[in-house]
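Novice: Sequence:
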Amino acid sequence: MDARLNYFASPTAGKAFKHFMSAGKAIKESSLPAATQELVALRVSQINGCAACIDMHTKDAAAAGESSVRLHLVAAWREATVFTGAERVALEFAEQATRVADAGSGVSDEVWARAAEQYDEEQLAALAILVSFMNTANRLNIIAQQPAGDYEPGQFH
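Per this note's numbering, the sequence shown starts with residue 1, numbered consecutively.
No wet-lab data here; the hints were simulated from the structure.
Don't be surprised by glycine CBs; every beta carbon is placed ideally from N, CA and C.
Honestly, I wouldn't trust all of these hints.
[Claimed, not checked] Taking lysine-lysine pairs in the DSBU-like style, the calculated list, with each CA pair at most 30 Å apart, reads: (1) LYS28 with LYS59; (2) LYS28 with LYS18; (3) LYS28 with LYS15; (4) LYS59 with LYS15; (5) LYS59 with LYS25.
[Stated by the list, open to error] Estimated spans, in silico, between C-beta atoms of each pair: (6) SER10 with ASP120: 19 to 27 Å; (7) ARG139 with SER22: 14 to 22 Å; (8) ALA144 with GLU121: 17 to 25 Å.
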């Protein structure tokens, strides 16, 4: 299975991706905990059905020491006891921000307030940008029908 598009071979996409990947690097370097970043990236990708990003973020998280139990339970985080309070609110934030077309309201005031109790303003900004970044990455991969399974941890970092 081959992708419909090779974004890296396109001059226009190459220019845009240079900036897009810089944004991703800025998020990675933020004070938002790395484990939270991977869990959120994985959850957004699960919601959107982006196999390439699910492949990437499960492998990157595992390579960084994340347990298989937590990775397997991200899809059912509400019923799982393995996530911290901060991680749980980040996952709920990610779901509401990703499902704007379904819910129509985005992140509720209640979830925002709970997130603000766990994260400072810089971390909240990183969380919001991460969710938006992942939604964009998911859509680009889905449009191109990017296949999954061959990603090597750290390949794009």
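Novice: Hints first: check each against the structure and report whether it holds.
Specialist: Here is how each hint holds up against the structure:
1. The straight-line distance between the Cα atoms of LYS28 and LYS59 is roughly 16 Å, inside the 30 Å bound, and the hint therefore holds.
2. Of the pairs offered as hints, the one joining LYS28 and LYS18 holds, with about 15 Å between alpha carbons and a cut-off of 30 Å not exceeded.
3. Using a Cα cut-off of 30 Å, the hinted pair LYS28 and LYS15 holds, with the two alpha carbons roughly 21 Å apart.
4. Restraint check for LYS59 and LYS15: the C-alpha separation of about 27 Å stays at or below 30 Å, so the hint holds.
5. Restraint check for LYS59 and LYS25: the C-alpha separation of about 18 Å stays at or below 30 Å, so the hint holds.
6. Separation of SER10 from ASP120 is about 38 Å and departs from the stated range, judged on CB atoms against 19 to 27 Å.
7. For ARG139 and SER22, the Cβ-Cβ distance of about 19 Å falls inside the hinted range of 14 to 22 Å, so the restraint holds.
8. Evaluation of the 17 to 25 Å hint for ALA144 and GLU121 yields a failure: the beta carbon distance comes to about 35 Å.
The structure shown violates the earlier hints numbered 6 and 8.
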